[in-house]
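Residue 1 is where the sequence shown starts when you use my numbering, and the numbers rise one by one after that.
A hint or two may mislead.
In silico lysine to aspartate or glutamate, DMTMM-like type, Cα no more than 20 Å apart, as pairs [as the list claims (entries may be wrong)]:
{"hint": "1", "residue 1": "Lys112", "residue 2": "Asp98"}
{"hint": "2", "residue 1": "Lys3", "residue 2": "Asp98"}
{"hint": "3", "residue 1": "Lys3", "residue 2": "Glu108"}
Because the hints were derived from the structure by calculation, they are not lab data.
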Amino acid sequence: MKKIILTIIQLAVTVGLLYWVYHDPKKLGEMRHALTHARWEWLVAGIFSYVVVEIAAAFRWGILLRVQGINLSFSRVTGLFLIGMFYNQFLPGGTGGDIIKSYLLWKETDRKAGGLLAVVFDRFIGLVALVATTATLVSLRFDLLAQTHETRRYLWILIFCRTNFRDAKS
Numbered sequence: 001m002k003k004i005i006l007t008i009i010q011l012a013v014t015v016g017l018l019y020w021v022y023h024d025p026k027k028l029g030e031m032r033h034a035l036t037h038a039r040w041e042w043l044v045a046g047i048f049s050y051v052v053v054e055i056a057a058a059f060r061w062g063i064l065l066r067v068q069g070i071n072l073s074f075s076r077v078t079g080l081f082l083i084g085m086f087y088n089q090f091l092p093g094g095t096g097g098d099i100i101k102s103y104l105l106w107k108e109t110d111r112k113a114g115g116l117l118a119v120v121f122d123r124f125i126g127l128v129a130l131v132a133t134t135a136t137l138v139s140l141r142f143d144l145l146a147q148t149h150e151t152r153r154y155l156w157i158l159i160f161c162r163t164n165f166r167d168a169k170s
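Throw the hints in and build the complete structure from the sequences for me.
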């Protein structure tokens, strides 16, 4: 009974969010216009790139699981990864997918701590990649980003955080 109630709540949240996103006819018209006037080769390239990135992320997570002694087939790892992506997209908050992946691994394997560690470390790797990408782009495009008031404010926040992080390590 508890599982049925949870599923109903999840479906209600998903339907509510989809309605909230798509209820405005003006926005729906804008999306339709953008899609009908988009160049199909760029759409295909974008979708292909996205699929490659997600397959690489599932492969990375599979490596982290194997390091923890959890040997699952690539199709099972990819399935769990896609379930996690679904929950991340359609539930409020950004950790719903991590929680469901941890839960499913918890049920599926006897290496419970290893499964949780693989999920947490995968999230940490993503954070490090974002920080490295941000640092690279800011250093390459600092002059351009410093030209407008809006981006200049964020540059100073980044510089402040970087300075304090470096000082905290010392």
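Hint-by-hint comparison with the structure:
1. A distance of roughly 14 Å separates the Cα atoms of Lys112 and Asp98; the hinted pair therefore holds under the 20 Å criterion.
2. At roughly 19 Å between alpha-carbon atoms, Lys3 and Asp98 fall within 20 Å of each other, so this suggested pair holds.
3. Restraint check: the Cα-Cα separation between Lys3 and Glu108 comes to about 18 Å, which is no more than 20 Å; the hinted pair holds.
In summary, this structure violates none of the numbered hints.
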